[in-house]
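Undergrad: Okay, here's what each chain looks like letter by letter:
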Amino acid sequence: MATRPSRIRPHLAWLGLLPFLAFALLFLILPTIKIVIGAFQAQGGGFTLQNFVELNTASNRSAYWTSIKLSFVTAALGCLVGFGMAAAVSFGGLPRFLRSPLLTFSGVASNFAGVPLAFAFIATLGPVGLITVWLRTEFGINLRAMGFNLLSYWGLVITYLFFQIPLMILIITPALDGLKREWREAAEVLGATGAQYWRMVALPILFPAILGTFALLFANAFGAVATAFALTGPQLNIVPIKLFAQIRGDVLGNPNLGYALAFGMILITAAANILYIWLRVRSERWLK
Amino acid sequence: MIRTLAWIVFILGGLYFLLPLVGMAEFSLRMRRGEYSLDAYRVVFADPNFWATFGYSLKLAVATIVFGVFLVMPTAYWVRLKLPQARPVVEFITLLPLVIPAIVIVFGYIRLYNTSSFLPLTGSAVGTDILLTMGYATLALPYMYRAVDTGLRTIDVATLTEAAQSLGAGWVTILGRVILPNVMAAVLSGAFLTLAIVMGEFTMAALLNRPAFGPFMQLMGANRAYEPPALAVIAFALTWGCMGLMQLATRFAKHERAKG
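If you read the sequences in order, they're chains A and B. Counting from 39, one number per residue, gives the positions in the first sequence under the working numbering. Counting from 26, one number per residue, gives the positions in the second sequence under the working numbering.
Quick caveat, the hints were computed from the structure, so don't treat them as lab data. The structure presented is a predicted model; accordingly, all values stated were derived computationally and were not measured. Each hint should be verified, as a subset may be incorrect.
Output of the computed footprint for chain A on chain B, the stretches with three or more beta carbons under 8 Å from beta carbons of chain A [to be verified]:
id, segment
1, 43 to 57
2, 112 to 125
3, 133 to 140
4, 220 to 229
5, 232 to 246
6, 263 to 269
Even glycine gets a Cβ: it sits at the ideal position worked out from N, Cα and C.
This is chain A alone, in the form it adopts within the complex (with noise of 0.2 Å):
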C-alpha cells in the first residue's frame, strides 16, 4: 500500500493516538512508573537505596534464585518438547492429519494456565490424584515415599511445561514452515547429509526463533501467579507469590520493600524480553 501525503497536518494527525495514548499511560505506563519510583523511596519519600539493600535476605534472593530456576528450566524444557513435537508432525513423518489438532490443542492448552490447570494437575499427580493411585494399586510405586511432591519446586516444572510446552509449538510450527525446500536440496545436491543440513543450515536459521521463545517463555513462568498460588497456596517461595503476600498483607513489614520486590521483576522480564525482540527482528530476516 502507497503512502500518500496526508491532507491533515502531521501534528495534528497525532490527536488520532490521544485515546490510546492516555490508556496507555493511565493503566499501563504510570503504574510502572509508580513501581519504579517507589523502589527508590524511603517511606516518608527522597531518595534511597535502602530498599534494596533490605530486600537483600537470605529468604529473599532464594526466592529470587528459585523463580530465575523455575522459569530457566521450565522455558529450556519447553523449547526442547515444544521443538521436538512440532519438528515431529513437520517433518517426522507423521500423518498430516494430526498437524492441525495439535496446532489447536496447543492453542487451548496455552490459556489453560492459573487456577484449573492446578486442580488438573493435582487430580493427576496429586495424593489421591489418578496416577499416583494407579502406581501404588497396579505396580507398588509410591511416588511420595520416592520424593516426588507435586506441591514442590519439581511439581511446578511439571505443571508449567502444561502451557510452557503448547506455546513454542504455537510460535516455533510457522518458524519451520518458514524453512525453504530449496535450502535442504542445495545442502543435498552439495552433499550434506541430514544432520549435517540441520547442524549447520536449519539450526543456525531457526536459533534466533528458538532463543526467542525461550526468553518469551522464561517471562511468561516468572510472572506467574495464578497457578503456582493455586496449586501450593502462600507458602512456596518465589518472588510472584512474595509479591502476592505482600500486596495482601505487607508480608515484608515495609510497604517500600513491595516496590522493591516489583522492580526486581520488571527489570529480569524486561531483560527477557529485550533479547526475544532483538533476536525475532534478526530471525525475520531470513524467514520471509
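Based on these hints, arrange chain B on the given structure of chain A.
TA: Coordinates of chain B only, in the frame set by chain A:
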C-alpha cells in the same frame, strides 16, 4: 528411524497432555463413594456463588471486549492510514503487557488509584470494576492489537476511506460501517481470546478484591475436594469453546477473502 522417533516424541507428548485432562475428568466424577456420578457438577451448579462470579466475569469480559475494540480498532486504523511513522511506538506499547507481569501492573494500580489519589478508583465498587476492566484490556492488548492489525493488513484502508469520504461519510460511519465489517473476523478472533483470558484470570481480580470467577475457583480449591476438578473441566471446556470460535472466525475470514 526418524519416523519411529517422531512417533515416540508425539505419543509421549500426547500422554503428558492427555493424562491431566483424564485425571481431572475422572476425579470430578468420584464424589459419590464407589461409583462415578455427576454429583460434583450438581454441587457446583447449585452454588449461587458459582453463577454470581461466573456472571460477573462474563460481564467484565464483555465490557473489556467492547472497550478493547473501541480503543484498538480506531488506533490501528489511524496508524495505518495517517501515521505509519507512529507504528513502532504503538507496537512497542502494545507489547509491554507481555514484558511487565500482571501482578506488577495491578500493584501499580492499587498504589496509584487508592482513595487518596487524583483518581480514587479503588474507593468504590464501580470504580474498582472500571479499574479491573482497564486491567483486563491491558492484558488483552497485545493479542487484540495484533489480531485487528492483521485484519487491516488484508484490506486497502486508504482506498476504502477515500471511497467512503467521497460518498460523504464521516469518521464514525467510515469506522463503524466500512472498516469494522471488513475486519469483523479479526475483531471476533481477538474478542474470543480476550474472553478466554478474562474468564480464568485470577491475580488482578484477587488483588483488587472483586468477586470474579478466578478467585472463586481458587477459594473452592482451598476448601473442597471434588468440586475443583469439576470447575477445571468447566474452565477447560470454556477455553476450548473460545479457541474453537476463534478458529472459526479466522477460517471464515480466509473464506471471505478467497471469494473476493
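Undergrad: Can you confirm whether chain A covers the segment 43 to 57 of chain B, using C-beta to C-beta distances below 8 Å and requiring at least three such residues?
TA: holds (count 9)
Undergrad: Verify the coverage statement for the segment 112 to 125 of chain B against chain A, using a C-beta to C-beta distance below 8 Å and requiring 3 or more qualifying residues.
TA: With 8 residues close enough to chain A, the hint holds.
Undergrad: Report holds or violated for chain A covering the segment 133 to 140 of chain B, Cβ cut-off 8 Å, minimum 3 residues.
TA: This one holds; 5 residues, not fewer than the three required, reach chain A with a Cβ under 8 Å.
Undergrad: In terms of beta carbon proximity below 8 Å, does the segment 220 to 229 of chain B have 3 or more residues touching chain A?
TA: Coverage by chain A holds for the segment 220 to 229 of chain B (6 residues, Cβ < 8 Å).
Undergrad: If you look at each residue in the segment 232 to 246 of chain B, do at least three have a Cβ nearer than 8 Å to any Cβ of chain A?
TA: holds (count 5)
Undergrad: Tell me if chain A covers the segment 263 to 269 of chain B under the three-residue, 8 Å CB rule, please?
TA: Holds, because 5 residues of the segment 263 to 269 of chain B bring their Cβ atoms closer than 8 Å to Cβ atoms of chain A.
Violation of the numbered hints given earlier is absent; every hint is satisfied by the structure.
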